[in-house]
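When you get a sec, could you build the whole thing from the sequences and use the hints?
Letter by letter, the chains look like this.
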Amino acid sequence: MQTAIAGAATSTRTSWRQGRDARDARLAAAVSLAKGKIVAASDATGLLEAVIRPGDRVCLEGDNQKQADLLSSALLAVDLAKVSGLHMVQSGVVLPEHLDLFERGVAKRLDYAYSGPQSARIATMLFGGKIELGAVHTYLELFARYFIDLTPNVALIAAVSADREGNLYTGPNTEDTPTVVEATAFKDGIVIAQVNEIIDRVPRVDIPGDRVHFVVQADKPFFVEPLFTRDPAAITESQILTAMLAIKGIYAPYGVKRLNHGIGFNTAAIELLLPTYGEKLGLKGKVASHFALNPHPALIPAIESGWVEQIHSFGSEVGMDEYIRARPDVYFTGPDGSLRSNRAFSQVAGLYACDMFIGSTLQIDLQGNSSTVTTSRIAGFGGAPNMGSDARGRRHPSEPWLQAGKEADPDGLAPLRRGRKLVVQIGETFGDKNAPLFVEQLDALALAEKLKLELAPVMIYGDDVTHIVTEEGIANLLLCRDASEREQAIRGVAGYTAVGRARDAAMVGRLRERGVIRRPEDLGIDPFDADRSMLAARSIKDLVHWSGGLYAPPSKFRNW
Amino acid sequence: MEDLSYRHIARQRAGGTRKIAVIGVVASGNLEVLAERNLPDAECLVEIKTAAEGFGEVWNAVIADFVERHSPGGVRFSINDGGARPDTVSLRLAQAARLMQEDDQ
Amino acid sequence: MTLADILTSLFPGGHDVRNDDGVLSGSGALRSGGRALVVGIADRTAVGIDEAIRLSRYVLDSIASGSGPILVIVDSDSQRMSKRDELLGLNEFLAHLAKCLIYADIHGRPAIGILYGHSAAGGFLATALATRVLVGLPGADPVVMDLPSMSKVTKLSIDILEEKAKSTPVFAPGLQNLAQTGAVHLTWDEATPLADQLEALLDDLPDARDRRDALGKERGGRLKAADIAERVHGLALQTR
Amino acid sequence: MSAGQTAKASPDRTGSWYEASARTRVRLLLDPGSFEEFIGPEQREISPHLKVFGLPEQFDDGIVVGRGLLDGAPVFVAAQEGRFMGGAFGEVHGAKLTGLLRAARDLKSISVLLLLDTGGVRLQEANAGELAIAEIMRAVIEARTAGVKVVGLIGGRSGCYGGGGLIAGCCSALAVSEQGRIAVSGPEVIETNRGVEEFDSRDRALVWRTMGGKHRRLLGGAELFSDDTVQGFRDAALDLLGSVADFGLDTLKAEQARLEDRLQRFGACPDAIDIWTAEGIADAASVPALPADQFIALADQVRRTSRDAR
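In the order they appear, the protein sequences are chains A, B, C and D.
Last residue of the first sequence: number 560 in the numbering used here, and the count goes up by one each step with no gaps.
Last residue of the second sequence: number 105 in the numbering used here, and the count goes up by one each step with no gaps.
Last residue of the third sequence: number 240 in the numbering used here, and the count goes up by one each step with no gaps.
Last residue of the fourth sequence: number 310 in the numbering used here, and the count goes up by one each step with no gaps.
To be clear, the hints were calculated from the coordinates, so they are not data collected in a lab.
Don't take each hint at face value.
The calculated EDC-like cross-link candidates involving lysine to aspartate or glutamate, where the alpha carbons are at most 20 Å apart (straight line), are [stated by the list, open to error]:
# : chain 1 : residue 1 : chain 2 : residue 2
1 : C       : K152      : D       : D71
2 : A       : K257      : A       : E279
3 : B       : K49       : D       : E42
4 : D       : K51       : C       : D50
Source: prediction; values computed, not measured.
Below is the structure:
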């Protein structure tokens, strides 16, 4: 972008404020559309045509939860003569409009972190050359690049309300907004916010008005996906068994207090077993007390039973607002009483201040690499790799971290030995549609080859994984001393998948004797006890009752 | 639909006196197992009707392990399968074997 | 045959049957003396709560004051599929109508269904199928489950369903299939005056026992129902 | 744990009715060890029609029928398995229930409990299923005419839809839980036939307040509301067996009056909330969220159902 200016022999620059001048010119071009900072929704496309230049880097706010949906529609409608070939740098490619931008030619290049519901279409478009891919990131990684080499020229963000000065209230779903605004506003970019309402005084200032250039009032509230709601009614006996194994075989012996949970049904089962099975094991106060976690409805019974000290959240969850407001001892809340979430800070918390990540995945290979990619879908990474990786920069000790480090390197000198974060993959040996969890080779490799990617999209690298839990038992990879032990430990909990059936039975037997593999019976767990009656809540309605009527689930989860 | 049948020699007769037990339902991802004590003590027979074709090898492995672990001699197991996963099959078979070990009422 | 043709042919001695928005009520003079109550649904009208409550009222009034057989003449849609009908308890209204008809039948007022057009699902159960004898007229077109809907659920093409229907009367629509399963007892002939055929039926009316399962077995359309019911019946009686 | 202990231990009836299988419901509902099944799964009386469609059969064709004791008194019981083919009525399934009801009719003195959990007619054998329902309705009326009490218990996964709703309407009395929807046309069927403006089947709150157990209780479509436990349904069954009146012409006249009155009072109400408000419930919008005990107290207050009008 930077061009040498002809004529000056001693200096290549005539100005040190080209960026600022360019921004001011753009602002001037939009002045006629705005009353103060306020722009009518019907003028949103005109506003974008005025301030965006071809080839700009644009952050269209959206992640796995909230979406600046009005602004994405407005951007899609721009005149291609004025706006085209954009470089989108955004957390989530989630709405159909996000990809329509590329179909239309409004955008050309993409750097992103998560694609969820668009995972199949994005794969097709990448393969068809409709999208020029920069890279697929983790959230934290993309945020970091906003400050180094992917700084947005224009950020299109979503907030709950604004005042006339442009002060924004982002409400419980603050999420990525402060990070995006920080990177854009302080580097001569333009920030445009869509808000649900414009009011005289915002309940709290999440984004100061001097960082916001334009405010567009949307005709309906921005969309939020209830991604973290798991209906307890759908939890199976096998998932309960894996949850029992995890609690008794990992939470208890390591004494894991600080942790993050994935969004799958296995971890929902763990949350619902804490007040029942966990209580029976006498673990209350000893494990699972501090979380980097969204407000999972499934955690309500554990919170109400006094298990949880505090939770910091990436975002909020639909229907949880009143419950959170009534439990400020547990959640981070603002002076107005509502949740203050912050994705960047919570990701950092998950990376550095948690001793365990436990979550499910779609495929695990013989080295323990895991991926949620199949040959036809690229779901992106979101935040899981930050949660599910050992932080090499970590320096503070804790019991679980030291213990894991010791298991990995029993002969090392203790004061010089790194600890290890517990990174646990949990799931049933067969997933949806009987697809095996364990594979000889990840589909991610075939995909990388097909799309000519330099890196296969691996969610969690095998050398970060410490434990794998299935209904067959727990494989403790920290205790494996070489690659073949590791492979057999994985095969040993792979059940009747092809990978599992190809195990070396004698070696698996020896690993079991050493405690590398632990079966339910080795842990004193009777699979017949894995019954739904053990769940603290068996339905969404039960969760509502646990919350004292404060949790208001979205309609699609109701059966009353 | 596919019909499968596996006959095994069991180490010992299934304990208990119960003559018959049924567990599970035929639904997507689930199955029913009917256990009947009507074979010679050393024999075990598992017969399967399944909607998911081509998984004979997996069934073979699941049932061999089941017989090895539970030694349900003298019992014939009949399965109607709605496409259950192997872990669910193992669990239902084990549940059926345990029910047979109860004393008849 | 139109409804008017049918009524004229059934009651050459005259009738006062009225059709109010698809709900039939009135009576007809029987050749053998006395009158028959006539209720029913015409014009392929859906059977909702408003229709059902009027029909059950006619039947109850007639039980209290009248005598003779009850003819249930049907060309209906299925039950009315609407929020209002379900909100107010359509199942109760339809069941109540069926109860009134069956009660009357057991208590000396034989109920005879005459299916001359369409009928389906809940509308069928509450009217024509709540009788002692169900007569089909040529052109009757009962549909328990239509093939396009079935194709949607079973994910089988209509061609394949039609092929399968050739080997079994158990799922496909039509008078012939329902006759074979025992739902329709007999089919009348249009060429003969219906009054003659009605008198013949009344002369030789079966008792009030439900024999539809036996009929289905006899006709090869429902081979297991009668035996299963009889076995359970026998086992249940033994255990007293 | 020895096997004998499990068999003799007093049954745990605190578990969910909704989640229990048909067999578990029957076993726990009745006095321990008293159930005797007729044509059990070992007889392998499966549907002869499913193999035509390449569908798996179930050995009991999705219904358990037999005899047992309820608080010492003999009862006939039939329980549908709502997870097998949605609890739908097929030829064999229906015939087992028909035979049981005919036996009750002939014996006159043994009550019948119907544990309904059904989507209606099984479409792969639609004609046989429809006819089976017609036969069952007739057999229920014959049994009731002979003096038999037929009590329906509804709280399963598949609700009680289609012809199942009509059978429920023929019973002497019904107990229903919140989960137990009773209707003829299902939500999707209404939406498909009449459009999403008429009925949005994905609006689950709408589905429940139109068809769910609470509405049926407040409307008078069910006599008792039960919490979603086996104990709740057992208590309800005992209550109803002890209180339902004889069946005769007066019953039908009273029911005619009851339904005419309902149409007159609520016929113009566009939504269940309006009906509940018209019933005198101050905060009708709060009804769906009420816990079972509070709802039962409320329902008893506003509507004492007549037990001689069904």
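Results of checking the hints against the structure:
Simply put, K152 of chain C and D71 of chain D have alpha-carbon atoms about 47 Å apart, too far for the 20 Å limit, and the pair is violated. At most 20 Å may separate the alpha-carbon atoms for a hinted pair to count; K257 of chain A and E279 of chain A meet this at roughly 15 Å. A threshold of 20 Å between alpha carbons decides the hint, and for K49 of chain B with E42 of chain D the separation of about 15 Å falls inside it, so the pair holds. Among the hinted pairs, K51 of chain D with D50 of chain C is inconsistent with the structure: their alpha-carbon atoms are about 41 Å apart, more than 20 Å.
Hint compliance for this structure: hints 1 and 4 are broken, all remaining hints hold.
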